[in-house]
Amino acid sequence: MTDRSYGTRLPGMPSESLPGKLIVIEGADGSGRTTEVALLKAWLEVEGHAVVDTGLRRSDLVSAEIDRAKQGHTLAASTMALLYAADFADQLENKMIPALWAGTTVLADRYIYTLMARAIVRGASREWARELYSFALRPDLVIFLDARTEILLHRSIGKYGSLDYWESGMDLSLSRDLFESFFLYQDRLSREFDWMAKEYEFHRVDANRFPEQVHVDVQKLVAPLFGLRAAVTAPPRPPRTARAAPPLSRGPRRAASG
Amino acid sequence: MPESPSPTHGFPGRLFVFEGLDGSGKSTQAALLGKWLQSRDYRVFFTEWNSSDLVSGVIRRGKKKGLLTPTTFSLLHAVDFADRFERTILPPLRAGYLVVCDRYAYTAFVRDAARGCDPSWVRTIYSFAPRPDRIFYFRVPVQVTLKRKLASRSKINYYEAGMDMGLSDDLQESYVRFQSRLRAEYERLAASDRFTVIDSTRPVEAIQSDLRANLKPLLDGFPTGARLLHDG
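Just so you know, the sequences run in chain order A and B.
When you line the first sequence up against our numbering, it's residues 1 to 258, in that order.
When you line the second sequence up against our numbering, it's residues 1001 to 1232, in that order.
Check the hints yourself; a few may be wrong.
Claimed, not checked - For lysine-lysine, the following DSSO-like pairs were computed, each having C-alpha atoms within a straight-line distance of at most 27 Å: (1) A:95 <-> B:1063; (2) A:70 <-> A:220; (3) A:70 <-> B:1155; (4) B:1155 <-> B:1063; (5) A:159 <-> A:41; (6) A:95 <-> A:70.
Said to hold, decoys possible - Stretch by stretch, here's where chain B covers chain A in the computed footprint (C-beta under 8 Å, at least three residues): (7) 76-90; (8) 149-156.
Said to hold, decoys possible - To give an idea of the interface, some chain A residues facing chain B are shown, with a C-beta separation under 8 Å as derived from the structure: (9) 12; (10) 61; (11) 65; (12) 66; (13) 94; (14) 164.
Honestly, the hints are just simulated from the structure, not real lab data.
By construction, the Cβ of each residue, glycine as well, lies at the ideal position given by its N, Cα and C atoms.
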């Protein structure tokens, strides 16, 4: 892969290009990222490629501080954004780059884009967020799992038994109603993902479907990077697709989402 | 009567920043100035470059385990400063205080640049911190700070000496090299950011009297605590 960042050179970064490939899977909570990362990892390993997967907020360095800050809810937007950036930088430098350097494929379950979107909807400017994360490596491929908010809602309830406080953006005080807040928050995030999709060359995949079907499209995007052919065909369609989910009443005063 | 907003940053308070190498005498001068302002009945808030609880643990842990890179080092200090800025510097500035800062964002610009971070990146990160009304830069030769340090018998700190940068195995030698880098960065900023340069090899009293004279025009008409009580 190339060793180019988004504009800011990391101190101590080797000038030779890194042999490993960096593939990013982005998407909202409930878009099926984690499942897709697992399927992709299994497939690439069977094909003989060494793969590590990374997620956000898994570094040893500051994860405890992030958890603590979340308990307190008192940090300013810029402070929180910087704390997440420190965590990301730690993973990038101590985990992703060494792996890429060793020729390993890195599958990133979310990357700077989620962090930028979260910071921006909490008051940071797009310019500031863009520059803050300009030290990040430019991935070889960014796949954006695109799912409608209604689908995300069902999956979120299925996953947590309710709606998650943070994934509903309750800290933003958009609405005291968790359900209403979830829609408002996801709308705002998707507005940010929209401009990033162009600027950062996202490859959108329709994630309103079953994981096996999504995986077929993802494989088609990934295969050329490894000189592979997407071997699988779509599995037989289950009797009832996710699209058949009953329409939801989202209540009054709903702004149309993009 | 509310104060007129600062022409520099727009807040009703005023922000005076003291910058310079360790051992340049800036802390002594900042403390003296703070006392003088208080004696003149101004509402004064004084703050030092200390780590907040938030990240001091991480920084300590990270240093011990050698996990910190220039980028994470820079970002964690930015977290720390952002937190202190929001909590302790911004409120008095908005409330119309004279805020005296012993070190400010420029300390980070200088240190991060010396560690190899891209200066324009560091600038953007700290763009939440407004430009102060005055930036006093205490110019001093590195050898003088070393002499002061040895005379006071305080130990040279590992990071202050930039020992993590592998400039030299000898602590004193590394200190001189690293502090010289910091000084070069300060000198660059002194020009680009219009620092008020103070020759710090002069006697304490002479410097203090210059500082007071320099601030006089900024303080003219600025309300004192007593006046605020009458008007409020």
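Hint check:
The suggested pairing of residue 95 of chain A with residue 1063 of chain B holds, with an alpha-carbon distance near 18 Å, which does not exceed 27 Å. A C-alpha spacing of about 39 Å is found between residue 70 of chain A and residue 220 of chain A, which places the hinted pair above 27 Å, so the restraint is violated. The suggested pairing of residue 70 of chain A with residue 1155 of chain B is violated, with an alpha-carbon distance near 38 Å, which exceeds 27 Å. With a C-alpha separation of about 18 Å, the suggested pairing of residue 1155 of chain B with residue 1063 of chain B holds against the 27 Å cut-off.
The suggested pairing of residue 159 of chain A with residue 41 of chain A holds, with an alpha-carbon distance near 22 Å, which does not exceed 27 Å. A C-alpha spacing of about 24 Å is found between residue 95 of chain A and residue 70 of chain A, which places the hinted pair at or below 27 Å, so the restraint holds. Counting residues of the segment 76-90 of chain A whose CB lies closer than 8 Å to any CB of chain B gives 9, which reaches the minimum of 3, so the coverage claim holds. Counting residues of the segment 149-156 of chain A whose CB falls under 8 Å from any CB of chain B gives 0; the rule of at least 3 is not met.
For the restraint placing residue 12 of chain A at the interface with chain B, the shortest Cβ-Cβ distance is roughly 7 Å, inside the 8 Å limit, so the hint holds. Proximity of residue 61 of chain A to chain B holds as hinted, the smallest CB-CB distance being about 6 Å (cut-off 8 Å). The interface hint given for residue 65 of chain A is met, as the beta carbon of that residue sits about 6 Å from the closest beta carbon of chain B, less than 8 Å. Given the 8 Å rule on beta carbons, the hint for residue 66 of chain A is violated: about 10 Å separates it from the nearest Cβ of chain B.
Look at residue 94 of chain A: its Cβ gets to within about 7 Å of chain B, closer than 8 Å, so that hint holds up. Contact between residue 164 of chain A and chain B, as hinted, is not supported at the beta carbon level, the nearest pair being about 24 Å apart and thus beyond 8 Å.
In the structure shown, a violation is registered for the earlier hints numbered 2, 3, 8, 12, 14, in ascending order.
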